[in-house]
Every structure is written in C-alpha cells, then in structure tokens.
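Asker: Chains as they are written, first to last, in the numbering used here: chain A, 1 to 147; chain B, 1 to 147; chain C, 1 to 392; chain D, 1 to 392.
Where hints are given, some of them may not hold.
Some chain C residues judged to face chain B by a derived CB distance under 8 Å, without partners named [stated by the list, open to error]:
| hint | residue |
| --- | --- |
| 1 | V40 |
| 2 | R41 |
| 3 | S64 |
| 4 | R65 |
| 5 | I66 |
| 6 | G67 |
| 7 | M68 |
No wet-lab data here; the hints were simulated from the structure.
Predicted model, so just to flag it, every value in this text is computed and none were measured.
We treat Cβ as the ideally placed atom computed from N, Cα and C, and that holds for glycine.
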Amino acid sequence: MAHRETAPDGGATGVAVSVREGLFTDTDPPRLLGSRCQACGRHHFPRHDTCPYCTAEGALPVELSGTGVLWSWTTVTIAPPGYGGDVPYGFGVVELPEGLRVVTRLTETDPSRLSAGQRMAMVVVPVRVDDDGHRVVTYAFAPQDPR
Amino acid sequence: MAHRETAPDGGATGVAVSVREGLFTDTDPPRLLGSRCQACGRHHFPRHDTCPYCTAEGALPVELSGTGVLWSWTTVTIAPPGYGGDVPYGFGVVELPEGLRVVTRLTETDPSRLSAGQRMAMVVVPVRVDDDGHRVVTYAFAPQDPR
Amino acid sequence: MTDVDIAGVGIHPFGRFADRTITDMGVTAVRGALAEAGLVRGGFQAAFCATAYGGVASGHKVLSRIGMTGMPIVDVEAGCASGGAALMLGAGAIRAGAYDTVLVFGVEKMPKGMIRSSFFEPWQEESGLGATPAYFALRAQRLMQDSGVTKDHLASVVVKNRRHGVHNPDAMFRSEVDATAVLASRLVCEPLHLWMLCTPNEGAAAVVLTSAGAGAGAGSAAGGSVGGDRPARVRLGAAVLRSHLPGSVLNESTPMSGLADESVPAPSTLAATAAYEEAGIGPEDLDVVECQDTDAARELLSYEELGLCPPGAAAALCEEGATALGGRIPVNPSGGLLSKGEPLGASALGQVVTLVHQLRGDAGHNQVEGARVALAHTVGRGANASVVVLTR
Amino acid sequence: MTDVDIAGVGIHPFGRFADRTITDMGVTAVRGALAEAGLVRGGFQAAFCATAYGGVASGHKVLSRIGMTGMPIVDVEAGCASGGAALMLGAGAIRAGAYDTVLVFGVEKMPKGMIRSSFFEPWQEESGLGATPAYFALRAQRLMQDSGVTKDHLASVVVKNRRHGVHNPDAMFRSEVDATAVLASRLVCEPLHLWMLCTPNEGAAAVVLTSAGAGAGAGSAAGGSVGGDRPARVRLGAAVLRSHLPGSVLNESTPMSGLADESVPAPSTLAATAAYEEAGIGPEDLDVVECQDTDAARELLSYEELGLCPPGAAAALCEEGATALGGRIPVNPSGGLLSKGEPLGASALGQVVTLVHQLRGDAGHNQVEGARVALAHTVGRGANASVVVLTR
Ligand SMILES: [Zn+2]
Ligand SMILES: [Zn+2]
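One chain only, chain A, in its complex shape (with noise of 0.2 Å):
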C-alpha cells in the first residue's frame, strides 16, 4: 500500500507507506480494516480469515468506524524495541461501536488531557522516513474535541 499522507499533523509530502499492508484504507478519512464473523456476529482486528472468539472460518472483510471512545491510555516515553519513530507518543484503546477494543497509538501524549469515554477519531500518523525517503505511516487514534 502506497498512498498519500493523511496525518493531520504531517506534510502532504512524498509517498507514505504503510507499517503492513492490510491495517487501513488509503481514503480520507482512513478506516481501519477489521473482519466480522458470519457465525458469532462479532468483530476482530486486524483481519484474519478465522474468528479468534468462536474459531469459525470465512469472517467477512469490514472497514470498522473511524471513531470511537477511548476506554484506556498512557503516553510511551521511551522508546521500544523496533521503534524508530519520536517519543513521547500516546497510547491506548479506543472501544469503537461494533463492541470492539482496539490497541492504537494516540495522538495525544499527555495523558491528563485524556479521560475514559472521550470521543476518538482514527488518524494515519507517519513514524519514521525510511531508506528509500518514503514516510512510514501507522494507524492512530486523535481526540474529536480536544479538551
């Protein structure tokens, strides 16, 4: 997947490149791409062909709502393993209305401007400029109304 930069916070220069092919649409406003079981009804991420809540086979490919309400949160001040990218960076999960829970970076990195149940919107956010000067860009969650 190769598509133009979306972040709110980035430039709309050179081409971005998603961390996995597979996680979000490239459309404006981006939405993450989940699967939704035939047999339990029930929604996971990121997507697999095998519902990990009942293990039946055929989930259906869905794009899940762009927003949501965030349900926890901290802010990540250094940074891991394989990561590249700035520290701080938020970090949560925002429960979108399908009754799914989703591990997401935020936006936000302080942490005292954040509480449980505020209104979340799905962003794409760019973390690092690789070799060949293509931005890495990964999936986030922002504030709807900052506070």
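Got chain A; can you put chains B, C and D with the ligands on it based on the hints?
Answerer: Below, chains B, C and D with the ligands without anything else, positioned relative to chain A:
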C-alpha cells in the same frame, strides 16, 4: 592471560591473548589445563571442579600431556558463526595418554595427510587480531612427524 | 493417584552476575535442591528446565556440568509461568506413576534494558506498539477506573514489597523505599513510575519433587540417595497452568483488539479456580501468597483474580494492610519481583522456594507464623498463568 | 494404564516459505490434525508445542489465531528431538488419566545458512570450534574407521533418500540424484559433501493424541467433536526421550573432551532400548523406520544404535539394500531429512505423520506393504534422542 606468542607458525610479535583464560599454559611447549577426579581418577577438559563422569567435586587441576594420537579428523572449509579467522583449518579429536579425547583445531588442513593413530603435539595458534591489535590465540594440535 | 511432595529446594540469588553463566547459576540452585533432598546421581528419573531466553539445551548444560545426564531432560517455556509449567509437568509424571522423583529447575539471564520480545511482529514494533510497559500501564489505568485504585495505592505496594525484600538475602534490591520516593522516580508510562516496575534480571531456582509414598531417600531404589537430616517435606497440592481465553484486549497475550465484554475470565482466574479445586481449598484457606508483581498494579489485580478479595475491592484490601507481613493474608513476603527482579524461567520456582521455607517454618525474619497453606502465582506472555498450592 | 492412540495428523510442507509466518504454518498443520480427529473447540484439554527457535509463546500464537486457547499450552524444546519430547509429555498425561485428548504440534522457521547455535560458548566460536557440520564429519570419519563405511556408502544413503523423497509432496527436494553427483557436490567437511547434509528449513506438523478408550469423538464430553468418516487410529506404543551419558566425545552434547572408552551407550541406544521395552517389541519386529539423517553417516550410525543391525554392520546393511523401499526394513520412506529438510521443532512429528500414513496403508507410492510396526527416531543437540513406536 596475556603471553608471548608461542605458535610455531606465527611470528613472535605483539601481545597474544587467549580466547579464554585457563585453557592452556603459556609455557613452551604449552599444555592444556585439565582436571583429574580424585574419586574416579578420570580426566576432563576444560577445567571444572566437578567430575563430569562421576559427579564428585574437588577435581584436581592438572596439566595434560602435550602429545597424543589422532582419533578423528576433518577440515572446516566455511567460517562457522562467531569465527573471524582464516579457512580452511583442520579440526579433529586427539587422544591423550590420560585416556582423554580432546576436540581441537588441527594445523594440518589437508585431511589426506592425516591418519588414525598418528602422533600429534599441542601448539598455540593465532585465530585473529583483536581491536587492540593483540593476536587472539587458541589451542591446536600439529602432526609430530608430518609424512 | 500418588500425592507429590517437595523434598528439597535450592536457589541462586536473583540479580546481575556478569561473571556467572546461566549454567553456573543453574548448578548452584540444582545442587542446593539435591542436597536438601539427599539425592546423588540416579536419584531422579527426569528433569524439566524452565527457561524463556536460555537457548537450546539449557537444562542439559546444567546437568552435564555435574555429570547427571541420561534421563529425559526437557526445556519448558511458558513465558513468566515457565517454572509453573515445569512443575505441573513434573508433578503430573509422578502422579501418573511414571517416576518416583523429578528435578524441576529454572534458569535465566535476561538481556539488559527493555526486553525485545520475540512476541511482537515487526509492524507492531515499527508502529511503537511493541512497548511492553505501556500494556502494563493500560491495565493499571483500567484498574484505577474499575477498582478505585490510585497512584498512592500503587506506591504502597512498592513500599510493602521493598520492605519485605530487605530480609531476603536472594533479592536484588534490599533497601526500603518510601511512597514519596516511588512517586518521584521517573515516570515510565503514566501511571507507572520506574520503581513500580520489576527489573528483568538473572538467577536460578530448583525443586525436587517426589512421590509422597517414597521414603526420605526417594531415589534410593536407583541408588540415588544419601542419608542425613532432611528438612520437612511440603505437599504439592496443585500445580496448574492455563492460557488466556480470547476476548480480553488487555490480557497478557497482547492481542491488537478484544471485545467490549468484561465477562471473559482472566487466565489467572482460570488457573486459580482449577488449582483450588485440585487442592480442595479456597482462597479463604490461604496463609501466605507469592504473586506476580511485574508492576504494582499487576499485584493489586492479582488480589481480585485469585479471589483474595471480591472484584473491585483491591484498593480496599490494600488500604487495610491485609497483604503486608503481619496482615491477615501476607502477599509477597519474599519482597516479590519488585525486590527480587524477574529472571523469567526461574521466577515461578523462586516463589516456590520462598513458600517451602514459609511452610517449614524456617523463613526467618519474614516468617508468617503458623503458615500451613500457601499459593504461588505467575502470569505473563502467552498468555500463561500458573497457580501452585503448597500445604504442610 | 490407558493406552494412547493417534486420532489425527496434519502437516505443513517442509521448505522455505518467505510469505508465511511460523504461525501460519502451525495453523495449517493443526487444522489438518484436528480435522482428521474430528475435533472442534473444547476437543483437547492440553497442547504441547515443540520448537527450538520459535521464540516465546509460539504455541499460543498458533492456537490464538484459531480461537482455541484457555487450556495449558506449553512450549517444549529438546533440540532435534523437541517433537519427540512433546509427544512423550502428551502421551504421559493421557496415560495418567489427566486428559482424554491432547494436541501435540511442532513449528519452526530456521534461520538461513549455518545455524548460530546458542549451544556454543563465545570462546568455542572464536576458536573455530563452533562448526556444527565438522562434528558430523568427525563422527562420519569414526564410522568409516569402525564400521567399514566408505564415501560410496554415504553417497548411496543420499541416493536412496532422495529417490524416496520424489513421491513426498511435503518434501523440499523432490528430484533424484545419482552417486556421482553427490560426490561431485561441494566438499563441506571431509568426508561430508553438501548433498550429504540436510538443510535447516521451515515447516510444521501436528498430531492429536487420545486415550484408546475414548470413542471416535474423543473430546465429545467437552462438546469438542464433530461426526464424519474418520481415518483409522494408530496406537502409540512408546514415546521415549533420553539425554546423553557423559563420556563420549562425539555425542550430540558436543563436549570438548571425552573418555577413550567405547562402552558408553549413545543416547539413541538408551531411548531405543527403553522404547522397545515399553512397546513390548524388538528391532526385528519393525516394518518401517524414519530415522535422523542429519547427514548421511548419521543414518548409518542410527542403524547400529537402533539395533537394525549389529554394531559395525551398517555398511553391510546398506550394501544389502535392506533399508531402501522394497528392502526388508525400509528406512526413511518419506525421503528423510535429506529430502525434507529439517525444521527442528516439526521434524520429529513430521516423521510420525509419515508413519501414521504408512500404518493406515494410505502412504501412496511409497507404501510399505502391510506395515504394522513403525519406529521414528531423532537425535540432536542436548544431546537428546527420542524414539517413538507406532503400531496398528
Ligand atoms: Zn465468531
Ligand atoms: Zn570422577
């Protein structure tokens, strides 16, 4: 252990450093440093306080015989992981008069010039030069009367 | 079905030992346990070695060094619960009558700094989602929402465990700390400060399991025991391992998503429920507990998951002082991982070593008077949770 | 004591699969075995995952992907014999009555090139003593001295196994080779040429074990089976793991020294002796064998260690053609590791998959007619040797 180079095939310049403390003496000729079990009388190499054959503790440190006979041999043609020296090099097992068989480098790299029961003598050989310019040395066995 | 006793325990201190190999540490722990059990070569018929990062044939290296090989030797990995898994396998084989006596040990020499877990995929790492302490922080944050836990409660767990650790000669950190200092230590991931997180480190622990029917020299049939004054045996009431059920986004299997459903039981609860049943006891029977305090919030969550208090009551149990030495259910008298550090393969067995001393009544300054029933709990990557019940 | 049956087997081909993760491969093998056994979720009560290099919680990742977690999941490592060790543990737990049905699987994605074993210490590597194939060559050299084996015999083992492998769809190499080409392949360590050495690679294999008493849907008590036409079960006669005894300088534990004493039994001999006793058979009863052909000489040595021929008679057995398909005791009808490659954690279970098909009579072109008793053998780092006996 830092001692003067004693390998017959190396020029005696610079400080030589053993790949590991306590493997062999820096005498001329050098000797392997093994242990003899006080309970069962059998030898082992490298040194450990515990006899690997009968589990008794308090094995006595001894210098092993400097000569023995060839029991098995081959030639390493590709540098194995973690090895920074030259290839090919000889590789074999020498049986010492103590009833001990020792895995060792061989100075002879042509397997057709070696045969079972051939007399071998222990030597010290360089494997590489370290960052400080010291020659890193290890033990090997050389044919005592090359054919 | 045969009952299983612990005939001997041994430990190599937990800490950092630049001049000691993983094999050296394992030998120290194994020798200690064999000596207590009075065993020489031939005295055990199988060995299980718990390790997460030790590499191929870690168990063999230890037993080769002391010339005690020939039997089956299996390396076992179940994350932080590796030692609990090894204990379960060893006890199971004795109960089945396959062996009289089994050696179970754990060894680890953790890399320094934040552990690069082989658990995360490259895209997760690249996205910054491979941040292990951040997952602990997300769990802590939820505990604050759900159970009324505050940062002061988190600090008080650290203060308690570090106070306990002062008297544990095998702990890495043996100084008291106060709550102010804990909260002043560097913020790693809100709400977790550096001193609220345990340190990965090095160490080894060993346990000799034997069938309860066998004599003091359980291995004597194979010519494997020596005489002498042996410490009292401790009964292994249960050794249970469980993995996670799908659904919880914050369980230790670190899924990228989960359900908005609080009813999925945690792996620790699954293991504890099975262990209580197997041992024929309930949480109300426990005299002393060692639990997984990877971080301070993890200990509080364990109170709820193990049934030491009802769901949502961890903060209250903490405030009551019940889990400190002198309280009604002391937790982590060893000082916990917050004092000892965490050598993955050795940590669960280190808990067992501590609790065996508690049940023998020779735990010294930190003795829980009259302790008769003890529980050891670990949980981590996998997810894996193990619960061990010991009685005398 | 309960007998143990194999109710289903599954395999992911052995080879190189750049676009497949170790988890993907494990899922393929596990699904295959569960389908044969007719099991759905809840159908097995424990899982053992054999892997040497898979990393923390390899088994959990596979079972998480298909939503089948909650039970104990233990990763098991015993070098090349990891799969044999896992099978031993699973079978032991069923025999003990702890479980009705156990899933045993192995996964591996070996690094390319010469494996940097965590087995060697830095000074050994720096000295050039960490050269794994050189140890194989030293052993081959001794076999040439002791058993009259020549390089032609070594080449003939490769020719035989590669010929067998042509008909194995799960093998990495599926073309015949002739002796001239084998001897013309690059000399790695005299007397071993490149084609005489097996290739570390990737793959997965899975086996469902169930108590012999249980019905076709062994896990049905837990709601875990579905109906349908199931393949015939195969009886697990023995699954034995043994480690080396001290003394032999060329055993797979790779000591730096050993005794001038030929009387120390090899770990493979220890395991085979115990397995024959456990299964109540002798080597003369075997119809088909899969053995460890890490290198061509290793297969010949295994003939002697497993008792397929007397000590010193490997060359004669080889010349007789007895171990080729059509001979009196075919060895490695799958093509062996020389055709399949060796994904450490999966290889021992891959042998079992092959032999289960042989005993069911559905091995196709390579079927050994009327095969009723089969043996699988692995040996490697540790040292660990496993011997599995299967019967119908
Ligand atoms: Zn479903
Ligand atoms: Zn001795």
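Asker: Indicate, hint by hint, whether the structure satisfies it.
Answerer: Status of the hints after comparison with the structure:
no. : hint : in the structure
1   : V40  : holds, 7 Å
2   : R41  : holds, 5 Å
3   : S64  : holds, 6 Å
4   : R65  : holds, 6 Å
5   : I66  : holds, 5 Å
6   : G67  : holds, 4 Å
7   : M68  : holds, 6 Å
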